[in-house]
Amino acid sequence: MKRTRALILSIGVTSTLLAACNTGHNNALPIYGNREPVTKMVNGKSVTDTAYQTIPAFRFVNQYGDSITNKDLNGKIYVADFFFTSCPSICPVMHRNMLNVYKEFKNVSDFRILSHSIDPKYDSVAVLKKYADNLGVSGNTWWFLQGKKEETYKLAGNYLTAVAEDKTAPGGYVHQGYFILIDKQKRIRGTYDGTLPDQVGKLIADIKELQTEPDQTLAQ
Amino acid sequence: MKTLLIAGSFFITMLIIASCQSEQQVDYNRYYSAGAAVYQSRCQNCHGDKGEGLAALIPPLTDTVFLKANRHQIACYLENGLKGKITIHNKEFNGIMPSTGLSPIEIAQVLTYVTNSFGNKAGLINSDEVEKDLKGCE
Numbered sequence: 010m011k012r013t014r015a016l017i018l019s020i021g022v023t024s025t026l027l028a029a030c031n032t033g034h035n036n037a038l039p040i041y042g043n044r045e046p047v048t049k050m051v052n053g054k055s056v057t058d059t060a061y062q063t064i065p066a067f068r069f070v071n072q073y074g075d076s077i078t079n080k081d082l083n084g085k086i087y088v089a090d091f092f093f094t095s096c097p098s099i100c101p102v103m104h105r106n107m108l109n110v111y112k113e114f115k116n117v118s119d120f121r122i123l124s125h126s127i128d129p130k131y132d133s134v135a136v137l138k139k140y141a142d143n144l145g146v147s148g149n150t151w152w153f154l155q156g157k158k159e160e161t162y163k164l165a166g167n168y169l170t171a172v173a174e175d176k177t178a179p180g181g182y183v184h185q186g187y188f189i190l191i192d193k194q195k196r197i198r199g200t201y202d203g204t205l206p207d208q209v210g211k212l213i214a215d216i217k218e219l220q221t222e223p224d225q226t227l228a229q
Numbered sequence: 028m029k030t031l032l033i034a035g036s037f038f039i040t041m042l043i044i045a046s047c048q049s050e051q052q053v054d055y056n057r058y059y060s061a062g063a064a065v066y067q068s069r070c071q072n073c074h075g076d077k078g079e080g081l082a083a084l085i086p087p088l089t090d091t092v093f094l095k096a097n098r099h100q101i102a103c104y105l106e107n108g109l110k111g112k113i114t115i116h117n118k119e120f121n122g123i124m125p126s127t128g129l130s131p132i133e134i135a136q137v138l139t140y141v142t143n144s145f146g147n148k149a150g151l152i153n154s155d156e157v158e159k160d161l162k163g164c165e
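Top to bottom, those sequences are chains A and B.
Per the working numbering, the first sequence runs over residues 10 to 229.
Per the working numbering, the second sequence runs over residues 28 to 165.
Hints in this document: simulated from the structure, not taken from any laboratory.
Fair warning: there could be bad hints in the mix.
As the list claims (entries may be wrong) - Partial list, computed: chain B residues near chain A (C-beta under 8 Å):
1) C73
2) G75
3) L84
4) I85
5) T89
6) G111
7) I113
8) P125
9) G163
For glycine and all other residues, C-beta sits at the position ideal for the given N, C-alpha and C.
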């Protein structure tokens with residue numbers, strides 16, 4: 010009898026411990042992108058873990074002329090999109106919707122919005138600053154970034170978003186209007202159609218959900 | 028007999044006026060609903076579903092005074108685009124609106140929609156009026 014109880018107790022403790030270890034994988038939001046098993050040696054034992062697709066290193070300039078790299082996003086939850094200021098098609102509606110995200114989280118210190126210009130030749134730092142001013146955006150919550158065109162286009166692929174130059178398209182570029190949610194581990198946690206207010210409402214709800222995940226509450 | 032004749036002609040006159048009015052009403056309704064569809068597909072992304080514009084980037088379409096004062100120029104804005112400073116609701120806007128590429132009838136439809144939505148009430152702007160206005164574009 011005593012032995013059975015001890016056994017049950019130890020099972021209970023073990024499963025509690027296992028559950029505690031698992032909390033990082035028990036998230037409400039999915040993790041997108043490619044994943045692969047990684048086997049490494051820990052304390053002489055071979056351990057297999059999952060490596061998720063993450064956003065690689067980058068370097069751009071924001072609307073204040075400051076250099077911004079992936080390191081500036083360490084310990085931050087952020088949303089990224091791709092646009093250009095002279096865009097006559099979907100950008101205005103995207104940023105009308107993004108303003109709602111901005112207003113909701115502009116005072117949250119570990120949150121950022123990154124809007125990458127896909128037309129850096131026209132969208133100089135001064136043009137981006139003027140655009141931000143006219144949109145009513147100030148401070149460092151929402152960065153409008155420009156840099157090498159090839160780097161921006163390549164990075165768009167890492168965000169699972171397609172952009173391209175197209176002389177026949179209105180404004181000269183085609184791009185998808187996705188908002189991409191990135192967590193503090195630089196993993197993709199959601200993609201939303203930035204042209205649809207309902208989807209952007211879901212994005213705002215998902216950011217709040219993400220903020221409560223144990224992995225996201227830790228100081229990084 | 029004479030009274031009957033007068034009453035009869037009066038009745039007919041009223042009938043003609045009434046049918047004219049309803050014909051104009053029918054025209055208006057047709058322009059307005061077609062204009063709503065044009066607006067949704069060609070204007071709403073920038074100017075918003077309530078004509079609210081976008082911050083200081085894109086002007087709203089709610090300035091009734093501006094629309095009234097420029098009634099005969101707005102067709103040209105849609106035809107040729109608009110560049111440079113304009114003042115809407117006492118706020119200055121300085122952006123670029125591209126040429127819309129809409130046909131005169133579509134311009135008339137969307138103008139009827141816009142100038143009778145978002146708090147505006149300018150009545151029908153038909154294709155005759157638009158074609159006349161387009162001849163006067165600078």
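Structure-based check of each hint:
At about 4 Å, the closest approach between the beta carbon of B:C73 and any beta carbon in chain A falls short of 8 Å, and the interface hint on this residue holds. The closest approach between the C-beta of B:G75 and any C-beta of chain A is roughly 7 Å, which is under the 8 Å cut-off, so the hint is satisfied. For B:L84, the interface hint holds, since its Cβ comes within 8 Å of a Cβ in chain A; the closest pair sits about 5 Å apart. Restraint check, B:I85 versus chain A: the minimum CB separation of about 6 Å is within 8 Å; hint holds.
The beta carbon of B:T89 is not positioned within 8 Å of any beta carbon in chain A (closest approach about 15 Å), and the interface hint is therefore violated. For B:G111, the shortest C-beta to C-beta distance to chain A is roughly 15 Å, which exceeds 8 Å, and the interface hint is violated. The beta carbon of B:I113 is not positioned within 8 Å of any beta carbon in chain A (closest approach about 14 Å), and the interface hint is therefore violated. Interface hint at B:P125: satisfied, since its Cβ lies 5 Å from the closest Cβ of chain A, which is below the 8 Å cut-off.
Restraint check, B:G163 versus chain A: the minimum CB separation of about 26 Å is more than 8 Å; hint violated.
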